[in-house]
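**Student:** Given only the sequences and the hints, what does the whole structure look like? Please build it.
In case you want the letters, here they are:
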Amino acid sequence: MTTFGSRSKAAALIVLLASGCSRQTVKVYDVPKEEASAPSFAEQSSQTNAPEDSDWIHWTKPEQWTERAPTAFRKGNYVFEDESGGKVEITVSSFPGDVGGTLANVNRWRGQAGLSPISQGELAAVLSDLTIDGHRGQIVDILPEDEDPQAARIVAVIFIYRGESWFFKMSGPQSIVAVQKPLFDSFIDSLKFTDANATNSQKAESSESQPLVLAFDTPEGWIESSGSSFRIASFQIELEGFDPGDFSITRFPGDAGGVFANVNRWRQQIGLPKWSESQVDANAKPVAEDLQFSFFDLAPRTEEEKEKVEERILAAVMEHDGQSFFFKLRGEIFLVETQLNKFLQLLRSTRFEPESP
Amino acid sequence: MKPFIRFFSSFELAISCMALGIVLVFIGTIAQVQLGIHGATELYFYSFFLFWEIPGIGVSIPYFPGGYTIGFLLLANLVTALFVRFRYSWKKTGVLLVHFGVITLLIGELISSMMQVDSAMIIDEGRSSNYSEDRQIVELAIIDHSRSQETDRVYAFSHALLENKQDARHEELPFTVSVNRYMANAEIRRRDDTAPSDALIVNKGIGLNTYAIPIPKTGKMDDVNRSTAILTVFDNTNAEVAGTWLASLGFPQQTFDFQGKEYSMEIRRKRYYHPFDIKLLDFSHDRYLGTNIPMNFSSDIELTHPDRGEKREFLIYMNHPLRYDGLTFFQSGFANEDTTTILQVVSNPGRHLPYVSCILIFLGLSVQFGIGLFSFTQKRLKKS
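In order, the protein sequences belong to chains A and B.
Counting with the numbering used here, you get residues 1 to 357 for the letters of the first sequence.
Counting with the numbering used here, you get residues 1001 to 1384 for the letters of the second sequence.
Bear in mind the hints are in silico, worked out from the structure with no lab data behind them.
Honestly, I wouldn't trust all of these hints.
[Claimed, not checked] Only pairs whose alpha carbons sit at most 20 Å apart, straight line, appear in this in silico DMTMM-like list of lysine to aspartate or glutamate:
| id | chain 1 | residue 1 | chain 2 | residue 2 |
| --- | --- | --- | --- | --- |
| 1 | A | K33 | B | D1277 |
| 2 | A | K75 | B | D1277 |
| 3 | A | K285 | A | E303 |
| 4 | B | K1261 | A | E34 |
| 5 | A | K27 | B | D1167 |
| 6 | B | K1220 | B | E1042 |
| 7 | A | K27 | B | E1133 |
| 8 | A | K33 | B | E1133 |
| 9 | A | K33 | B | E1150 |
| 10 | B | K1279 | A | E34 |
| 11 | A | K27 | B | E1266 |
| 12 | B | K1217 | B | D1118 |
| 13 | A | K27 | B | E1042 |
| 14 | A | K33 | B | E1266 |
| 15 | B | K1217 | B | E1163 |
| 16 | B | K1092 | B | E1109 |
| 17 | B | K1261 | B | D1235 |
| 18 | A | K27 | B | D1134 |
| 19 | A | K61 | A | D185 |
| 20 | B | K1217 | B | E1042 |
| 21 | A | K75 | B | D1257 |
| 22 | A | K27 | B | D1124 |
| 23 | A | K33 | B | D1124 |
As the structure is a computational prediction, the values presented were derived from the model and not from experiment.
**Tutor:** Next comes the structure, spelled out in structure tokens:
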């Protein structure tokens, strides 16, 4: 417990004078439970968790492995036990984002295997690329430094898919991992990515509790792009002589600041002045009958704006089941003009439908 | 050795230190406009040198002595002069006292700068508190809620851990908290598609709806440095990720389950626990009749010290602090429509030294003046 005390302060002074720097410390103490206060916005928000069971990647378990119950962090949880009782664990987990980056993850596993961390420069040497079901991933094989058969070896495959990091990992004594490696390879070969069979229809996940998924028809000529991990869908639109246009669908809990704030943020992105609330309301146009879209065409209109602004944004906002969906196409004015009808067609084709098995 | 002693006992050094001190006080005072009192004090007075960063290179070079350098040199000068230069006689008793007074003042300020702890105790009417919170330093608190029905176990990791991006681990905790990123001050925004890529790592808690962008640290009294960190929780047994959170000063505790136990984490102001409780019986905010101009703030408190068997009531109001157990409680502010008091809690082992110094200097000047007056009158009497 941290307390004021002249003796400890005097000691602190000596330490400070001697070293001139502070050290990491941890203090442990018990306190009476604090009374809960009224839930605030932030507390309510903290109850929300990222979607976890999106099941965008499927796999086939080798017969020799025994399935265990999934945990909060494991989507797949298997174990192999040989006759002598030695075990290897095979796990599948996924998290939104890059979870600290590949280097951090590799070093985490190296630490688990009792090895020292490696630098960014050494990372490329330990990683190998692989392509499964049309998707590129990376494999790392962390071998122990001694020949003890019980020393830990970890083989892990990383896929970044739809903004999530997927980890397929086998760990255990190196003698058993070596035997199981061919099975692990076949396990990885069995991976099926849910978009592999999709042709002209894209699907994006909805919330964990919502069995319906957002679906739409992709306009011809739009090329899927990687985008950021917060995009449900991301396309690039190319037109000769112009910089590529960028289309995205993003989803956020709640109203994400409201239509007024978002429209004005987009207007500022391309150098247009802000609209008043009445202007935003006046420029919101309905599009689809089934879903309540508010569609905005953010283009320069006055002569002054036309002189300064070179880009245009088509944007649509939809609220569904307590979430906001933003559809946005941004690009040079002429390119966006050529894509206006396709954008509107995409909005009209947007629907929520049960996820296909 | 002689030139060394001659230098430290010289009048030139004393005069130079005083002149540099005047310049330092001037530029430090002007800098308070931009940096605030705390920022300017740390940069100009509680430092050995002022540094200038060469643009484009990123190398900093000292360009002016800071408060510590000037203070130490002056202290060394005064002490050395007492041994080397000073000629002891009863006629110089006053000068000797003034010297001791100034030395006491310098030592007092050194002790204050290094050992003073300034914190705040915030209490609602009818409630009590046994801790105060630091105004500048934060800590990372991991709280285990499953220890017992009555108490939580707190693991408070120091500010240095966050700044150095070290892992927070303890033998009793089954997980490690890794600091992905630390921002000494940050602005929290509602998350949208403009969120920076490193904000997207967060996949749990409040950071799902918000993100932080770093902003420069402030030293102004009224502004808050919203210390913020992106934290990842790893399982100690298999190093698997349990999730990544955004934690920021002012966020409520963010709760998570780990191996069937309930934990929470938060970045909060560093807490100092005291062996006594202070209960706020009543807070008064008196105004001049017919106006909103404050006339008086006062906190009627009850102090309970179980170990000493004490239970006493005090009234703390402006310019009438409570001094107890080496601490001084000032009436600092109020909140929640006059139902919450904010007491400034100051621990300063050197707080008496400025008074001692002033008394010594006053006595020294008086004695020296008296001796001079006595000599003068003696001479006049002899002449007449």
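**Student:** Verify the proposed pairing of K1217(B) with E1163(B), using a straight-line Cα cut of 20 Å.
**Tutor:** Distance of about 13 Å is within 20 Å: holds.
**Student:** Below or equal to 20 Å on CA atoms is what counts here, so check K1092(B) against E1109(B).
**Tutor:** Violated - the C-alpha atoms of E1109(B) and K1092(B) are around 26 Å apart, more than 20 Å.
**Student:** Going straight from one Cα to the other, do K27(A) and E1266(B) come out at no more than 20 Å?
**Tutor:** Holds, at about 15 Å.
**Student:** Straight-line Cα separation of K27(A) and D1167(B) no greater than 20 Å?
**Tutor:** Measuring from Cα to Cα gives roughly 15 Å; hence the hint holds.
**Student:** Check the hint pairing K1217(B) with D1118(B) against an upper bound of 20 Å on the C-alpha distance.
**Tutor:** Answer holds: K1217(B) to D1118(B) is near 19 Å, not above 20 Å.
**Student:** What's the verdict on K33(A) and E1133(B), does the C-alpha distance respect the 20 Å limit or exceed it?
**Tutor:** The hint holds at about 18 Å.
**Student:** Need the status of pair K1220(B), E1042(B): alpha-carbon distance at most 20 Å?
**Tutor:** Holds, at about 12 Å.
**Student:** Holds or violated: K27(A) with E1133(B), Cα cutoff 20 Å?
**Tutor:** 15 Å, holds
**Student:** When you check the alpha-carbon spacing of K27(A) and D1124(B), does it fall within 20 Å?
**Tutor:** Given pair K27(A), D1124(B) is violated - Cα atoms ~27 Å apart, limit 20 Å.
**Student:** Would you mind confirming whether the straight-line C-alpha gap from K33(A) to E1266(B) stays at or under 20 Å?
**Tutor:** Within the cut-off at roughly 15 Å; holds.
**Student:** Holds or violated: K285(A) and E303(A), Cα atoms, limit 20 Å.
**Tutor:** 24 Å, violated
**Student:** Is K33(A) within 20 Å of D1277(B), Cα to Cα?
**Tutor:** Holds, at roughly 16 Å.
In this structure, the hints that do not hold are numbers 2, 3, 13, 16, 22, in rising order.
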